[in-house]
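Engineer: With chain A fixed as given, assemble chain B onto it according to the hints.
As you go down the protein sequences, you meet chains A and B in turn. According to the numbering used here, the stretch in the first sequence is residues 1 to 116, in order. According to the numbering used here, the stretch in the second sequence is residues 1001 to 1111, in order.
Don't take every hint at face value.
[Unchecked claim] Dumping the calculated DSS-like pairs for lysine-lysine here, alpha-carbon to alpha-carbon at most 30 angstroms:
id: 1; chain 1: A; residue 1: 66; chain 2: A; residue 2: 55
id: 2; chain 1: B; residue 1: 1057; chain 2: A; residue 2: 41
id: 3; chain 1: A; residue 1: 42; chain 2: A; residue 2: 20
id: 4; chain 1: B; residue 1: 1051; chain 2: B; residue 2: 1036
id: 5; chain 1: B; residue 1: 1036; chain 2: B; residue 2: 1070
id: 6; chain 1: B; residue 1: 1059; chain 2: A; residue 2: 42
id: 7; chain 1: B; residue 1: 1057; chain 2: B; residue 2: 1110
id: 8; chain 1: A; residue 1: 66; chain 2: A; residue 2: 41
id: 9; chain 1: B; residue 1: 1056; chain 2: B; residue 2: 1110
id: 10; chain 1: A; residue 1: 55; chain 2: B; residue 2: 1051
id: 11; chain 1: A; residue 1: 20; chain 2: A; residue 2: 41
id: 12; chain 1: A; residue 1: 42; chain 2: B; residue 2: 1036
id: 13; chain 1: B; residue 1: 1057; chain 2: B; residue 2: 1036
id: 14; chain 1: A; residue 1: 14; chain 2: B; residue 2: 1059
id: 15; chain 1: B; residue 1: 1059; chain 2: A; residue 2: 55
id: 16; chain 1: B; residue 1: 1056; chain 2: A; residue 2: 42
id: 17; chain 1: B; residue 1: 1070; chain 2: B; residue 2: 1059
id: 18; chain 1: A; residue 1: 66; chain 2: A; residue 2: 14
id: 19; chain 1: B; residue 1: 1110; chain 2: B; residue 2: 1051
id: 20; chain 1: A; residue 1: 20; chain 2: A; residue 2: 64
id: 21; chain 1: A; residue 1: 14; chain 2: A; residue 2: 41
id: 22; chain 1: A; residue 1: 41; chain 2: A; residue 2: 64
id: 23; chain 1: A; residue 1: 20; chain 2: B; residue 2: 1056
id: 24; chain 1: A; residue 1: 41; chain 2: B; residue 2: 1110
id: 25; chain 1: A; residue 1: 41; chain 2: B; residue 2: 1056
id: 26; chain 1: B; residue 1: 1070; chain 2: B; residue 2: 1051
id: 27; chain 1: B; residue 1: 1057; chain 2: A; residue 2: 42
id: 28; chain 1: A; residue 1: 42; chain 2: A; residue 2: 55
id: 29; chain 1: B; residue 1: 1070; chain 2: B; residue 2: 1057
id: 30; chain 1: B; residue 1: 1036; chain 2: A; residue 2: 20
id: 31; chain 1: B; residue 1: 1056; chain 2: B; residue 2: 1036
id: 32; chain 1: A; residue 1: 55; chain 2: A; residue 2: 20
id: 33; chain 1: B; residue 1: 1070; chain 2: A; residue 2: 42
Note that these hints are calculated values from the structure, not bench results. Remember, it's a predicted structure, so these values are computed and weren't measured experimentally.
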Amino acid sequence: GAVVSQHPSRVICKSGTSVKIECRSLDFQATTMFWYRQFPKKSLMLMATSNEGSKATYEQGVEKDKFLINHASLTLSTLTVTSAHPEDSSFYICSARPLNRDTEAFFGQGTRLTVV
Amino acid sequence: GQQVMQIPQYQHVQEGEDFTTYCNSSTTLSNIQWYKQRPGGHPVFLIQLVKSGEVKKQKRLTFQFGEAKKNSSLHITATQTTDVGTYFCAGPHNAGNMLTFGGGTRLMVKP
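Here chain A stands alone, though its shape is the one from the complex:
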């Protein structure tokens, strides 16, 4: 079945540094990918929709300059958390759905970010 790979699975960084998270669709193409943030024991909060070859669409309240999204190809989207602060610590998950198929969403394994 379709697979979405997310890397890294876990990262610890210092305040003020930037962290890049990659999301790859391994066996299908995705013109859109979705980035979610999930707080402990809480639901998935959609942050933004990553659009291949164009600007990402951010949800209300999500700072686009803080969370930079790049979708350079049909199989890769990246989320960069810039100038990270401890309050950015969270679980970030990407997902994608194959083109032209009314199918389920496939999720990456998630990235647990801890900013110290």
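Structural biologist: This is chain B only, laid out in the frame that chain A set:
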């Protein structure tokens, strides 16, 4: 905008008891999907329902899509500790490839 709500938010059950989570959409859905997220894991697709009134079963799990295609339920018979996790429903967004997820129901099972 489109909203998908789930109740309850949390549910503690004794092993062997039944469990049901309910999903309600503010708009009619072309289909509804259910996902399970184990603690520490990522959401994994369980099933998709498409037809009005559709009922599907997966072993002890029974999924139902309402006649008006605005609500759905997931029922687990005789829960086991392996059922622990958060169950999400999701419906297609009004436009594009996005899914709108419900808030999830976190199931905890006491052995």
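Engineer: Against this structure, judge whether each hint is valid.
Structural biologist: How the hints compare with the structure:
| no. | hint | verdict |
| --- | --- | --- |
| 1 | 66/A with 55/A | 15 angstroms, holds |
| 2 | 1057/B with 41/A | 27 angstroms, holds |
| 3 | 42/A with 20/A | 23 angstroms, holds |
| 4 | 1051/B with 1036/B | 21 angstroms, holds |
| 5 | 1036/B with 1070/B | 20 angstroms, holds |
| 6 | 1059/B with 42/A | 27 angstroms, holds |
| 7 | 1057/B with 1110/B | 24 angstroms, holds |
| 8 | 66/A with 41/A | 24 angstroms, holds |
| 9 | 1056/B with 1110/B | 27 angstroms, holds |
| 10 | 55/A with 1051/B | 35 angstroms, violated |
| 11 | 20/A with 41/A | 24 angstroms, holds |
| 12 | 42/A with 1036/B | 13 angstroms, holds |
| 13 | 1057/B with 1036/B | 15 angstroms, holds |
| 14 | 14/A with 1059/B | 47 angstroms, violated |
| 15 | 1059/B with 55/A | 44 angstroms, violated |
| 16 | 1056/B with 42/A | 27 angstroms, holds |
| 17 | 1070/B with 1059/B | 25 angstroms, holds |
| 18 | 66/A with 14/A | 16 angstroms, holds |
| 19 | 1110/B with 1051/B | 35 angstroms, violated |
| 20 | 20/A with 64/A | 14 angstroms, holds |
| 21 | 14/A with 41/A | 25 angstroms, holds |
| 22 | 41/A with 64/A | 25 angstroms, holds |
| 23 | 20/A with 1056/B | 40 angstroms, violated |
| 24 | 41/A with 1110/B | 18 angstroms, holds |
| 25 | 41/A with 1056/B | 28 angstroms, holds |
| 26 | 1070/B with 1051/B | 11 angstroms, holds |
| 27 | 1057/B with 42/A | 27 angstroms, holds |
| 28 | 42/A with 55/A | 28 angstroms, holds |
| 29 | 1070/B with 1057/B | 19 angstroms, holds |
| 30 | 1036/B with 20/A | 27 angstroms, holds |
| 31 | 1056/B with 1036/B | 16 angstroms, holds |
| 32 | 55/A with 20/A | 17 angstroms, holds |
| 33 | 1070/B with 42/A | 23 angstroms, holds |
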